[in-house]
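These two chains come separately, so use the hints to put the complex back together.
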Amino acid sequence: MSRHLLHTLALAGLVAAVSTTESLAHCFVGARFLPSTLAIDDPCVADEMSMPTVGWSKTGDIPSATQWDVSAEISKRITENFGVSVGQGWTSLRQADGTLTQGFENFETSFQYQIAKDREHELAILAGLVVDWGRTGSTGSGLASDYSLVTPTFYVGKGFGDLPDSFSWFRAFAVTGQVGYQIPTSSFDFTQNVFIPQQLVYGASLQYSMPYLKSQIVDLGLPDFFNHLIPLIEVSLTTPVANNFGNPYTTTGTVNPGVIWVGSGFQVGLEAMIPINRESGSGVGVLGQLHLYLDDMFPSTYGQPLFGGTGTTAPRKMTF
Amino acid sequence: MRILALATTTLLTLLASTAVHAHAFLDHAEPRVGSTVPAAPREVALFFNEKLEPAFSSVEVSDASGARVDLGKTRVETTTMRIGLKHLSPGTYRVRWHVLSVDTHTTEGSFTFQVGP
Numbered sequence: 001m002s003r004h005l006l007h008t009l010a011l012a013g014l015v016a017a018v019s020t021t022e023s024l025a026h027c028f029v030g031a032r033f034l035p036s037t038l039a040i041d042d043p044c045v046a047d048e049m050s051m052p053t054v055g056w057s058k059t060g061d062i063p064s065a066t067q068w069d070v071s072a073e074i075s076k077r078i079t080e081n082f083g084v085s086v087g088q089g090w091t092s093l094r095q096a097d098g099t100l101t102q103g104f105e106n107f108e109t110s111f112q113y114q115i116a117k118d119r120e121h122e123l124a125i126l127a128g129l130v131v132d133w134g135r136t137g138s139t140g141s142g143l144a145s146d147y148s149l150v151t152p153t154f155y156v157g158k159g160f161g162d163l164p165d166s167f168s169w170f171r172a173f174a175v176t177g178q179v180g181y182q183i184p185t186s187s188f189d190f191t192q193n194v195f196i197p198q199q200l201v202y203g204a205s206l207q208y209s210m211p212y213l214k215s216q217i218v219d220l221g222l223p224d225f226f227n228h229l230i231p232l233i234e235v236s237l238t239t240p241v242a243n244n245f246g247n248p249y250t251t252t253g254t255v256n257p258g259v260i261w262v263g264s265g266f267q268v269g270l271e272a273m274i275p276i277n278r279e280s281g282s283g284v285g286v287l288g289q290l291h292l293y294l295d296d297m298f299p300s301t302y303g304q305p306l307f308g309g310t311g312t313t314a315p316r317k318m319t320f
Numbered sequence: 001m002r003i004l005a006l007a008t009t010t011l012l013t014l015l016a017s018t019a020v021h022a023h024a025f026l027d028h029a030e031p032r033v034g035s036t037v038p039a040a041p042r043e044v045a046l047f048f049n050e051k052l053e054p055a056f057s058s059v060e061v062s063d064a065s066g067a068r069v070d071l072g073k074t075r076v077e078t079t080t081m082r083i084g085l086k087h088l089s090p091g092t093y094r095v096r097w098h099v100l101s102v103d104t105h106t107t108e109g110s111f112t113f114q115v116g117p
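These protein sequence lines are chains A and B, in that order. First residue of the first sequence: 1, per the numbering used here; consecutive thereafter. First residue of the second sequence: 1, per the numbering used here; consecutive thereafter.
Here chain B stands alone, though its shape is the one from the complex (with noise of 0.2 angstroms):
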């Protein structure tokens, strides 16, 4: 058994020393996830622990109804993907994301948030 420890024990610290490029997590966002503004924001970003594909991550945000309030340029640099978004008014908000991590591992998400008092 000490010595299975012992092994494992390695691995383990082999593995927090080692870089590993995997899927592409979100990490946080602003607005942040499930949250309520009192401004309506001029920009959505999101931060991912990985590096992205510019040419194929992209976001997009639309109000209740589904319709798109984003400004339809996504701009990405290293981990961080950006979208510039149109005047919102009080309502609540979802955010589709989708990205190519650098070590061509997709991944994928949506979430909410509101503006309003």
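In isolation and in its complexed conformation, chain A is listed as follows (with noise of 0.2 angstroms):
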């Protein structure tokens, strides 16, 4: 069998197991890239790294102190369609009155699941369970509980590329969503005498993305500095919803207007932290994050899922 054939079987084996499985490590949807957003998360499995992710706010407490959390986060795909994460923050709190309190937040690991990736609709559906394990954080300093947290969490995005061609630049924008059913392991506080309640945590981005106006919709020739951005608006809420005997169902979160430059093999990105409410914060904070894209740093090692990858990269030079 001659090289031509040999290399040729080779490479559509490989391109046969790519298509069938959509291997698209991080959030490609069609022609769609749906980026990493800070706030809230993507609506894929992918092999990635968020590090570092360091926010900056000023607490609801009256007065108010100054936080600052810092956290890292890395993701990898099992199989093609299911991915674990495992993620550790840092919190530093300052009190009006100078006191300081430093710690650890409880681990948090996410299992999700790749449900549905439509190329044509530009639509990916993934579903997930996040834990943030009781007990593995700093308890002593109050900055993290005794009791673990599990939110069954379903996820949405959506690129309007879809659309008839008269839609033009509106075809650049896309939308993602989560929503999630926090349930406390225990029902009650006994350090602090107070009920845990059963929470909804939910969140969305709007996206406007100039990689795609660029490369769908029309070439502006503008400087590629402008081409690589996504200027986004990001919405991160919480619900108590159940279990808060005594205490106000007041909706917090924040509002995070801001942009991501992409990369070839990162992001990074910068949001503004607009508290809806006293209750959410005072004053408007930072969020800012590197996020690495490892697939594509070490696609045929790291950026392959454990079972049923590829196992190894195309040939760089093909002899036909």
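In short, the hints are calculated from the structure, not lab data. Any given hint could be a false lead.
[Unchecked claim] Some, not all, of what chain B presents toward chain A, calculated at C-beta under 7 angstroms:
hint	residue
1	E30
2	R32
3	G34
4	V37
5	P38
6	L85
7	E108
8	F111
[To be verified] Not everything, but these chain A residues come out facing chain B in the computed CB check (under 7 angstroms):
hint	residue
9	D189
10	Q216
11	I217
12	V218
13	P223
14	P299
15	T301
The beta-carbon is built from N, C-alpha and C at its ideal position, and this holds for glycine as well.
Here you go:
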């Protein structure tokens, strides 16, 4: 058998595996790329890492405290459609009187399954289970609880590129969203003498993709820097819905306008965090993130699912 | 916080200096994406930011009724993909492409251009 035929067959097998399983590790759906958003999760399983995510804000306490949050998260596909993420956060709280509290939050894991990806309609649907493990952080400082939180979560993303051409520039828009129901493993906190509510944890993003505009709709000849930008606005909210006796059912959260710059192998995001009410914070905070596309950086190793991946890269030079 | 800033800066510097073979994005095209050209082009050329696998990268061009107006044979050279065109009369044409970059990631897309006054 000739080298030509061997190479072709090998690559054909590789591509068949890729095409039948939609092997697009970070969040591609057809022609749409949905970046990793900072406040909520994107609707795809992926091989990626956010490190670090840094937030600065003023708490809703009176008087308010200054809060720094630093976190890291790494995600790995186990199979083509099933992935696991692990994350850890660290928080520093400085009260108005100068009292400083620092420590780790509880360890977080996410188990996610890609339910659907519709290339033509730029639609991605994901189901997940997020678990914050009790007693894995600094419980002594009060920054971590001694009970766990279990949150079944549903994620969705949709690009508008399937609209008729007459919608023109509007087709560069996309939306993502998530809704989860957070269930604590304890119903009462005996240290603070309060009920621990079950909560709805939800959010959404509206994004405008300049890369999509340039490559799919109209190339305006802008400087390259602008063609990598995805301006967006995120909303991240929490509402107590059950077991909240004696406490107000107040929704808290932030609205985050910002921008993500998408590069080759990584993205950088920066957002303002605007509290939706006094209980959510005082003044505008800042959220920044460096996010690495590990599937691009290590395509033949980490960028492959543990089971069912292609396990190799295509030959760099084909000899036909 | 200084340590964090230093670590982030170091990571960014490393990223910038490391050749990452990523998904192939369309950098630009001739005719330009969404443009109107006064004269019928003889070919469509697509320029990507990554090297392509010729055997598994293709492009096709169709008119407003969906009929193919390309000459059928895609030519790929490193990061560029070209296809010849039949004579185009004034109208709107859609270019659909699908590529495999050398690190096995697939990407796809489509855009239109117009021929006419």
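Quick rundown of the hints versus the structure:
| no. | hint | result |
| --- | --- | --- |
| 1 | E30 | violated (10 angstroms) |
| 2 | R32 | holds (5 angstroms) |
| 3 | G34 | holds (3 angstroms) |
| 4 | V37 | violated (13 angstroms) |
| 5 | P38 | violated (17 angstroms) |
| 6 | L85 | violated (19 angstroms) |
| 7 | E108 | holds (6 angstroms) |
| 8 | F111 | holds (5 angstroms) |
| 9 | D189 | violated (31 angstroms) |
| 10 | Q216 | holds (5 angstroms) |
| 11 | I217 | holds (6 angstroms) |
| 12 | V218 | holds (3 angstroms) |
| 13 | P223 | violated (13 angstroms) |
| 14 | P299 | holds (4 angstroms) |
| 15 | T301 | violated (11 angstroms) |
In summary, the structure is inconsistent with hints 1, 4, 5, 6, 9, 13 and 15 from the numbered list given earlier, while agreeing with the others.
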